[in-house]
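**Q** All chains should be built: construct the whole structure from the sequences, respecting the hints.
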Amino acid sequence: MNGSGLVLRLLLLLCISDLLIPMSQAIWLSIPSSGTKCVSEEIQNNVVVLADYVVIPDDHTHSSPTISIKVTSPYGNNLHHKENVTHGQFAFTTSEAGNYLACFWVDGHNQGGGDVSVNLDWKTGIGAKDWESVARKEKIEGVELELRKLEGAVEAIHENLLYLKSREAEMRMVSEKTNARVAWYSIMSLGVCIAVSALQLWHLKRFFQKKKLI
Amino acid sequence: MERRHTHRCATGFIFIALFFSFIHRISALSVTVNEVECVYEYVIYEGDTVSGNFVVVDHDIFWGSDHPGIDFTVTSPAGNTVHTLKGTSGDKFEFKAPRSGMYKFCFHNSYATPETVSFYIHVGHIPNEHNLAKDEHLDPINVKIAELREALESVTAEQKYLKARDARHRHTNESTRKRVIFYTLGEYLLLALASGLQVVYIRRLFSKSVGYNRV
Numbered sequence: 001m002n003g004s005g006l007v008l009r010l011l012l013l014l015c016i017s018d019l020l021i022p023m024s025q026a027i028w029l030s031i032p033s034s035g036t037k038c039v040s041e042e043i044q045n046n047v048v049v050l051a052d053y054v055v056i057p058d059d060h061t062h063s064s065p066t067i068s069i070k071v072t073s074p075y076g077n078n079l080h081h082k083e084n085v086t087h088g089q090f091a092f093t094t095s096e097a098g099n100y101l102a103c104f105w106v107d108g109h110n111q112g113g114g115d116v117s118v119n120l121d122w123k124t125g126i127g128a129k130d131w132e133s134v135a136r137k138e139k140i141e142g143v144e145l146e147l148r149k150l151e152g153a154v155e156a157i158h159e160n161l162l163y164l165k166s167r168e169a170e171m172r173m174v175s176e177k178t179n180a181r182v183a184w185y186s187i188m189s190l191g192v193c194i195a196v197s198a199l200q201l202w203h204l205k206r207f208f209q210k211k212k213l214i
Numbered sequence: 001m002e003r004r005h006t007h008r009c010a011t012g013f014i015f016i017a018l019f020f021s022f023i024h025r026i027s028a029l030s031v032t033v034n035e036v037e038c039v040y041e042y043v044i045y046e047g048d049t050v051s052g053n054f055v056v057v058d059h060d061i062f063w064g065s066d067h068p069g070i071d072f073t074v075t076s077p078a079g080n081t082v083h084t085l086k087g088t089s090g091d092k093f094e095f096k097a098p099r100s101g102m103y104k105f106c107f108h109n110s111y112a113t114p115e116t117v118s119f120y121i122h123v124g125h126i127p128n129e130h131n132l133a134k135d136e137h138l139d140p141i142n143v144k145i146a147e148l149r150e151a152l153e154s155v156t157a158e159q160k161y162l163k164a165r166d167a168r169h170r171h172t173n174e175s176t177r178k179r180v181i182f183y184t185l186g187e188y189l190l191l192a193l194a195s196g197l198q199v200v201y202i203r204r205l206f207s208k209s210v211g212y213n214r215v
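Note that the protein sequences, when read in sequence, are chains A and B. Residue 112 in this note's numbering sits at position 112 of the first sequence, with consecutive numbering throughout. Residue 72 in this note's numbering sits at position 72 of the second sequence, with consecutive numbering throughout.
Hints should not be assumed to be uniformly reliable.
Here are the simulated distance ranges between beta carbons [to be verified]:
id: 1; chain 1: B; residue 1: A151; chain 2: A; residue 2: K165; range: 20 to 26 Å
id: 2; chain 1: B; residue 1: P114; chain 2: A; residue 2: P74; range: 38 to 44 Å
id: 3; chain 1: B; residue 1: F182; chain 2: A; residue 2: Q89; range: 42 to 48 Å
id: 4; chain 1: B; residue 1: Y111; chain 2: A; residue 2: D58; range: 30 to 36 Å
id: 5; chain 1: A; residue 1: F90; chain 2: B; residue 2: I44; range: 35 to 41 Å
Calculated from the structure, these hints are not laboratory results. Predicted model only: the values in this text are computed from it and were never measured. Built from N, CA and C at the ideal position, the CB exists for glycine as well.
**A** Right, here's the structure in full:
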C-alpha cells in the first residue's frame, strides 16, 4: 500500500509540474448583438478537428446570453448546428479539402444588448490528439509523455513541410503554364490582327472592283 | 476503506490533471474584416512571449500599389498599445507581455471592401529560474522541455505563415490565369469588331445614295 501510495504521489508531483507549464489557449470573439460572426480555416483532407465554445457572461447578475452556431463544410454540408446554447463542442474528420466555416450569431435572448463574448477553442490535426488515452494505453507519464508530444509535433511539422512543398510545385506548374499561355496568345493576337486586316483589304478591293472604282 | 477512497480521489485528480495538460494549439483561423475586427487572447503569466502572424488572403482588391493595406494593433489589459503594424498585407509579430490579462488583437481595414485575414496567435511560457527556486516540485528538465516546445511552436507558426502566404499566391495565380484567358478573348473579339465596323463604314462612304463623286 505504501509503495503504490508513493508512486501515486510522484505521479501527482509530475502532473502538477506539468500544469505549471500552461499549454492551452483559446481565442475570445465578441459577437455583435445583430449580425453573424464567422471564423474559417482552410483544412486539408482527413484531418481531425476538435472545438469547443463557451459563452462568457459579462456580468453575473443577468443569465448568460445564448448563441447559435453553425459549422459548414466547403461543399455546404452542415456539420454542426445548435440554437440557443451557452456552451458546446463538436468534432469531425474532414472528408474534403477546403474552407471550413463556423458562424456564431446571437438569438433574441440577449437582455444586455451588448456584444456577447465567446471563448472558442479550435484545434486541428496534432493539436486535437487525445494524449490522455495514449498515456493510458501505453502507460507512460510525465517526462516521457511530454517527449512523446514533442515527437508528435515534429512529425506534424514534417508533414506540413511536405504539403507546402507539393503546393509550391503545383503553383509553379500553374505559373509556368500561364507564362507559356501569355506568350502563345500574344503571338496569336498578332496573327489575328494580320489575318483580320488582310481580310479587310481583300473585301474592300472586291467591293471597289465591283463598284468599278479601280 | 479510507485509504482506498483517498487513492481513488488522487487517481481521479491525476487523470483530470493529465486531461488539462494537453497541447492545445490554436490553428490559423481566418476572419473577415469589414472595418475593425478584434480577437482576444488571455495571457496567464507576465513576461510570456506572445508571437504570431497574419496574412491578408483576399487578392482582388490589391489592384494597385497604392492600396493602404490593413493595420494591426495589440492592446494590453491596461489599455495601452503594445504593438502596431501599419499598412501591410501580412506580417509576423512577437512581443513580451508586460502583464498578465486579456490582450486585444485588432485588425483595421481602411478600405471599403471587406478583406479576409488569416491569423495565428501563440502565447508561449517557459518557467524560468525564479519559478524553479520558488517551487521545488519543478524539475529543471521541465524547463528544457518547455524551451523545446516553444522552439517547435515557432517552427509551426512559421509554417502556418507560409501556408497562408501560399494560399494568397495561389489566389493571385488563379486570378492571373483567368484574366489572361478572358482579356485575350476579349481582345480578339474587339479586334474583329473594330475591323468589321471599319469595313461597314467604308462601304457606306461609297454607297450610291451618298454619291460616289464626292469621295
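**Q** All hints, please: hold or fail.
**A** Comparing the hints with the structure gives:
Between A151 of chain B and K165 of chain A the beta carbon distance is about 22 Å. The supplied range of 20 to 26 Å therefore holds. Between P114 of chain B and P74 of chain A the CB atoms are about 20 Å apart, so this pair departs from the stated range of 38 to 44 Å. About 45 Å separates the C-beta atoms of F182 of chain B and Q89 of chain A, a value consistent with the hinted range of 42 to 48 Å. Y111 of chain B and D58 of chain A have their C-beta atoms about 32 Å apart, which keeps the hinted 30 to 36 Å range intact.
Checked against the hint of 35 to 41 Å, the pair F90 of chain A and I44 of chain B fails, with Cβ atoms roughly 26 Å apart.
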